[in-house]
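Residue numbers (our numbering), protein chains in the order written: chain X, 253 to 464; chain C, 666 to 923.
None of these hints come from the bench; they were simulated from the model. The structure displayed is predicted, hence computed values, not measured ones. By construction, the Cβ of each residue, glycine as well, lies at the ideal position given by its N, Cα and C atoms. Be aware that a few hints might be false.
To be verified - Dumping the calculated BS3-like pairs for lysine-lysine here, alpha-carbon to alpha-carbon at most 27 Å:
no.	chain 1	residue 1	chain 2	residue 2
1	C	Lys877	C	Lys794
2	X	Lys455	X	Lys355
3	C	Lys819	C	Lys794
4	C	Lys789	C	Lys839
5	C	Lys788	C	Lys868
6	C	Lys839	C	Lys788
7	C	Lys877	C	Lys915
8	C	Lys915	X	Lys313
9	C	Lys727	X	Lys411
10	C	Lys819	X	Lys411
11	C	Lys839	C	Lys915
12	X	Lys411	C	Lys915
13	C	Lys727	C	Lys915
14	C	Lys839	X	Lys411
15	C	Lys727	C	Lys839
16	C	Lys727	X	Lys313
17	X	Lys389	X	Lys455
18	C	Lys789	C	Lys868
Said to hold, decoys possible - Coverage of chain C stretches by chain X, computed from C-beta distances (three or more under 8 Å per stretch; other residues unrestricted):
no.	stretch
19	735–741
20	798–810
21	905–916
What the hints assert, rightly or not - Derived contacts from chain X toward chain C, CB cut-off under 7 Å, selection only:
no.	residue
22	Ala303
23	Ser304
24	Ala322
25	Leu326
26	Phe329
27	Ala330
28	Pro412
29	Val413
30	Gln414
31	Gln416
32	Tyr425
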Amino acid sequence: MTAEATQINSAAETAARASGTVHPGWLRITHWINAVALFMMVGSGWEIYNASPLFSFNFPKSITLGEWLAGALLWHFAAMWLFVVNGLVYVTFGILTGRFRRKLLPIRPGEVIADARAALRGRLSHDDLSVYNAVQKLLYLGVLLAGVVVVLSGLAMWKPVQLQELTALFGGYDTARYVHFVAMAVIVGFLVIHVVMAFVVPKSLRAMIIGR
Amino acid sequence: MSRIRRVIPGVDPKLLIKDATKLLPDPTRRLFLRGGASLGALAFLTGCDIIDGPAAEQALMKISYFNDRAQAWLFNPNRLAPTYPESAITRPFPFNAYYPLDEAPEVDGENYELEVGGLVENKKSWTLKELYALPEETQITRHICVEGWSAIGKWSGTRLSEFLRRVGADLTAKYVWFRCAEGYHTSIDMPTALHPQTQMTFKFDGEILPTKYGFPMKVRIPTKLGFKNPKHVMEMAVINNWNPGYWEEKGYNWFSGS
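The shape of chain X in the complex, shown without the other chains (with noise of 0.2 Å):
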């Protein structure tokens, strides 16, 4: 990062904490939106594993979306536009803003460590909402990264012969499918932490609806 981009970025900072605004409009509105999507694309998707599934368990119906498989493909395949163009909105912003670079760089793994050490001993202050604490940061980054997978893994399942290098890339077809599953897992497993989180603090709820 060179000194003008830093400037440029504290003097960001500094305005929008200035102005109380812990999360811009773009990123507020775009985090709901997703919020929509994953519901759809996890029930959904739950719904179509049904149909074959790759362990030896079920998703209840009761939680999953589209009444059987062709209604949850069609949901599936609905939702998947708004996933990945609001998801690559959102990412463009995160990048071209530099709040990315600037809220969750850099991870270091002496801080994640002690941070997660203070958080299980719930000694972890979330007083500044503005920045995040290492294990917040590990876990962005992460789902982002997830985020990414279950969206390349899902197209290479889709299309194993328009984008058979894709499929490769996963190792083929089969191993696509249990990639997919992986990067699902993951998504819900954050999901579950960072509901729980939101109501533990729930100013920082509140943050991500009005902004501050």
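Following the hints, position chain C against chain X.
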């Protein structure tokens, strides 16, 4: 559902007879979308009840038609499906249909005649002897089911594009439609019909197609999902009016390209 779960290829021959009707929704319901407990949550999130009922179904079908166009755009007519060595063939190859194996249609090969209709110059029917005399090609490709599982098989027969040229088909027409012995029907886009790997199949694994794999003729399309590969084909027609198919009318995406 427990029987269905293990149709992942090469596992247990007993489990290969699969009753896909179990995957169908309750027949008393016309809609394939109905709210379950989970759906209330989205209705809550969005503040409106878009999740069930004909409106949601119509909207989803519209997006599915959009996806047909997106997939047609993505389809490269020269892109070949990956092929595999003999050693990769899934044995036994799964039987899969919406009826159990003992209800698979038994077609009399002696009296069989493939009907050819629609926008073709020569509407003569074809006996099996005539069909078997057509140039033969073999492919070992991956069959991918809409349910998610896949299996590799070896199919031999003649290129559909070759046959369409022989019967003087209008290759500028939009679709080729197939009708099967048990009443199943489906249709494909012309670019896929002309794809070099789209095959009128008469043999599986070097043997005349057994009943379970679609005797006397299957259409093998490695660039499409399994349900777009009709078995026991009795009639084909080159058409311009869209006539989607059995599963497509129940909600599966029409193009269903791989």
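Here is how each hint holds up against the structure:
no.: 1; hint: C:Lys877 x C:Lys794; result: holds, 21 Å
no.: 2; hint: X:Lys455 x X:Lys355; result: holds, 18 Å
no.: 3; hint: C:Lys819 x C:Lys794; result: holds, 21 Å
no.: 4; hint: C:Lys789 x C:Lys839; result: holds, 21 Å
no.: 5; hint: C:Lys788 x C:Lys868; result: holds, 24 Å
no.: 6; hint: C:Lys839 x C:Lys788; result: holds, 18 Å
no.: 7; hint: C:Lys877 x C:Lys915; result: holds, 23 Å
no.: 8; hint: C:Lys915 x X:Lys313; result: holds, 19 Å
no.: 9; hint: C:Lys727 x X:Lys411; result: holds, 21 Å
no.: 10; hint: C:Lys819 x X:Lys411; result: holds, 21 Å
no.: 11; hint: C:Lys839 x C:Lys915; result: holds, 22 Å
no.: 12; hint: X:Lys411 x C:Lys915; result: holds, 22 Å
no.: 13; hint: C:Lys727 x C:Lys915; result: holds, 14 Å
no.: 14; hint: C:Lys839 x X:Lys411; result: holds, 22 Å
no.: 15; hint: C:Lys727 x C:Lys839; result: holds, 20 Å
no.: 16; hint: C:Lys727 x X:Lys313; result: holds, 25 Å
no.: 17; hint: X:Lys389 x X:Lys455; result: holds, 19 Å
no.: 18; hint: C:Lys789 x C:Lys868; result: holds, 23 Å
no.: 19; hint: 735–741; result: holds (count 3)
no.: 20; hint: 798–810; result: holds (count 3)
no.: 21; hint: 905–916; result: holds (count 3)
no.: 22; hint: Ala303; result: holds, 4 Å
no.: 23; hint: Ser304; result: holds, 4 Å
no.: 24; hint: Ala322; result: holds, 3 Å
no.: 25; hint: Leu326; result: holds, 4 Å
no.: 26; hint: Phe329; result: holds, 5 Å
no.: 27; hint: Ala330; result: holds, 4 Å
no.: 28; hint: Pro412; result: holds, 5 Å
no.: 29; hint: Val413; result: holds, 4 Å
no.: 30; hint: Gln414; result: holds, 5 Å
no.: 31; hint: Gln416; result: holds, 6 Å
no.: 32; hint: Tyr425; result: holds, 5 Å
In summary, this structure violates none of the numbered hints.
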